Amino acid sequence: MDALIPMVYDRLRSIAAAHLSRERASATLQPTALVHELYFTLLDQRNPGWISRAHFFATASMLMRRLIVDHARRNAAAKRGSNQVVTLEQGLHVPTGSSAEILRLHEALEVLERMEPRQARIVEMRFFGGLSVEETAEVLDVSPATVKRDWSIARAWLHSELTS
Numbered sequence: 000m001d002a003l004i005p006m007v008y009d010r011l012r013s014i015a016a017a018h019l020s021r022e023r024a025s026a027t028l029q030p031t032a033l034v035h036e037l038y039f040t041l042l043d044q045r046n047p048g049w050i051s052r053a054h055f056f057a058t059a060s061m062l063m064r065r066l067i068v069d070h071a072r073r074n075a076a077a078k079r080g081s082n083q084v085v086t087l088e089q090g091l092h093v094p095t096g097s098s099a100e101i102l103r104l105h106e107a108l109e110v111l112e113r114m115e116p117r118q119a120r121i122v123e124m125r126f127f128g129g130l131s132v133e134e135t136a137e138v139l140d141v142s143p144a145t146v147k148r149d150w151s152i153a154r155a156w157l158h159s160e161l162t163s
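First residue of the sequence shown: 0, per numbering that gives the first Met the number 0; consecutive thereafter.
No lab work stands behind these hints, which were simulated from the structure alone. Predicted model, so just to flag it, every value in this text is computed and none were measured. Among the hints, a few may not be true.
Taking CB as the label site, the calculated pair distances span [stated by the list, open to error]:
id	residue 1	residue 2	range
1	Asp-43	Tyr-8	16 to 24 Å
2	Gln-44	Ser-159	31 to 39 Å
3	Asp-69	Val-141	28 to 36 Å
4	Arg-113	Gly-48	36 to 44 Å
Backbone N, C-alpha and C fix where the C-beta goes; we use that ideal spot for every residue, glycine too.
Sequences are here, hints too, so could you generate the full structure?
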């Protein structure tokens with residue numbers, strides 16, 4: 000782990016910065032802190048079994064999402080009502096200016112995961128992890144066309160779920 004983190008730190012930090020830039024400017028969680036929390040979480044894994052760089056980033060994206068949601072839960076009472084919007088690419092807008100809105104996205108993803116687990120993983124890897132279509136396809140062992148199709152369907156479903 001000590002050898003791995005320096006090699007991937009910059010990309011993890013840029014992913015964290017991208018996610019956290021979607022929150023209000025007064026957010027208390029900083030990219031560096033998020034990456035450091037991720038590091039400690041990764042240290043706790045006994046046998047991660049990463050098979051590739053893409054697989055590592057997929058795991059990191061899942062853990063990063065959990066850390067962001069946990070942070071949002073802790074701060075939900077303090078962060079109410081914001082008009083900021085996060086774009087999940089090509090027209091899907093997910094509000095996430097407040098902790099309550101982050102939790103709403105998380106709950107929608109949990110519902111999607113029960114209905115369509117692969118689509119939920121694709122959203123997690125692409126949106127939270129910043130993985131490309133090809134990297135996501137590699138981790139899930141499916142074709143890039145399948146990832147594109149599922150990504151499109153998942154975005155449409157989330158849009159519907161979060162705007163209703």
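Now the hints, each set against the structure:
no.	hint	verdict
1	Asp-43 x Tyr-8: 16 to 24 Å	18 Å, holds
2	Gln-44 x Ser-159: 31 to 39 Å	35 Å, holds
3	Asp-69 x Val-141: 28 to 36 Å	29 Å, holds
4	Arg-113 x Gly-48: 36 to 44 Å	25 Å, violated
Of the numbered hints stated above, the single one contradicted by the structure is hint 4.
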